[in-house]
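Asks: Residue numbers (this note's numbering), protein chains in the order written: chain A, 3 to 121; chain B, 6 to 344.
You can trust all of the hints, since none of them are fake.
If you want a taste of the chain A side facing chain B, the calculated C-beta under 10 Å gives, among others:
(1) 50
(2) 90
(3) 105
(4) 111
(5) 112
(6) 114
(7) 115
Treat the hints as calculated values from the structure; they're not laboratory data. Bear in mind that the values here come from a model prediction, so they are computed numbers and not experimental data. Glycine residues also receive a C-beta, built at the ideal position from the N, C-alpha and C atoms.
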Amino acid sequence: MKGNSIWFASFTASVIIAIVLLVAGLPSVTANDQPSAANAAVNIDNFVFGPPTITVPVGATVTWTNKDDIPHTSVSTDGVFKSKVLDTDEKFSYTFTKAGTYPYYCTIHPKMTGKVVVQ
Amino acid sequence: MTDKNKDLIDQKLQDLNNDGVDRRGFLKCMAWAGTGLVWTMSAGIPSSRAFAKTAHRKGDSGGDFTFVQISDSHIGFNKPANPDVTATLQTAINKINAMPHKPDFIIHTGDLSQLSKPSEFDTLDQVLKGASAKQIYFVPGEHDMLTDNGEQYLQRYGKGTKGSGWSSFDHKGVHFVGLVNVANLKAGGMGSLGHEQLEWLEADLKGRSASTPIVLFAHIPLWTIYPDWGWGTDDSEQALSYVKRFGSVTVLNGHIHQIMQKVEGKVSFHTAMSTAFPQPAPGTAPSAGPMKVPADQLQRVLGITDVNYLVSGRSLAVVDSPLGDSGSSPSGNGGTGGS
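Start from the sequences and build out the full structure, keeping to the hints where you can.
Replies: What follows is the structure, given as structure tokens:
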């Protein structure tokens, strides 16, 4: 029986450590009253914003990176943000300070659209 | 014309046309439609040099003329699909300068530059200076209006044009209209002409005789080729409704870096090769990005388009020549002059 208790205790400890690690590693999406900044990335690859919809907390900075051989832009449909022209491997970042849904597109290839949801 | 070539053309026409016109009869007349386009194929590249020669032998060359379309030179692009786009543009100009019938002028259907940089436009100017044809007409591509709403493009290439760079002119009885469908593009949409330009176009064409041959040119195709890649123009139907009453309409576009042709009623549509890099056929790749081909194949997929206007038929014959062509082969032109 004693052996079992030791095993149980160490198991519990592991689980607790794992949970602590998990919480530490998580962006503040689940963190309670005081959301802090978190970063998110959108890759532009093969004329697609990936992921096309990204959900981030208020205060998050989203960074777009153009992985194509062709220039693209990331421009808010409602005029909230506007990147310069991004040539290959160039980046653009924007920090979202208000909750809401922000649709955007590439002004050069307007079939390319995406959305940032800020919660 | 070999059976194989004929089948190829039949197949292509059946694929592209569904307007009830008897294409077989059309082909018997040396693939010639009174409305304008010559259809012959040589190794997959439409070519009709033999036709042009025959036409000239008929001696009715009074007001005939040739002009050349070049497109998508993308000066500034330097990726593996073509690390030296300036050199391939130079090759295109050399080819134009070597043409037996000197073109009256050149039309550039946009994407002059890769990133609208002054240095890119400077390089383009430098190369175009060497063209034997001194008159060059331009319409912008989306790459030419990246940084400043096209201000610099307009200053350099759009003098005397309206709006974002549209204009028209007459040459030896043919009315040419350069349209801009790359400005103010809307999220989720394709190319767009916009209300103001459409109104201008309607007024520009009004009062012209229906027998006037019309040439419309714009960067993005004015017919829907592949919406998923944005290869079309949302309000092109409206523009085309204004040219319906004309007997001969030729529409010249770029943007898709490959040859596509279609005849719809009296309207012939044609897209040109790029002088910089090829793009994949619609839907054959994950995206419309530059297509990489072996270096020794590159000049076979780049090219120029020359257009011959023949007064006798009030029609235009469109001839595509790849840069690496060692002299266009007249194969497939067996029925020349048959109609």
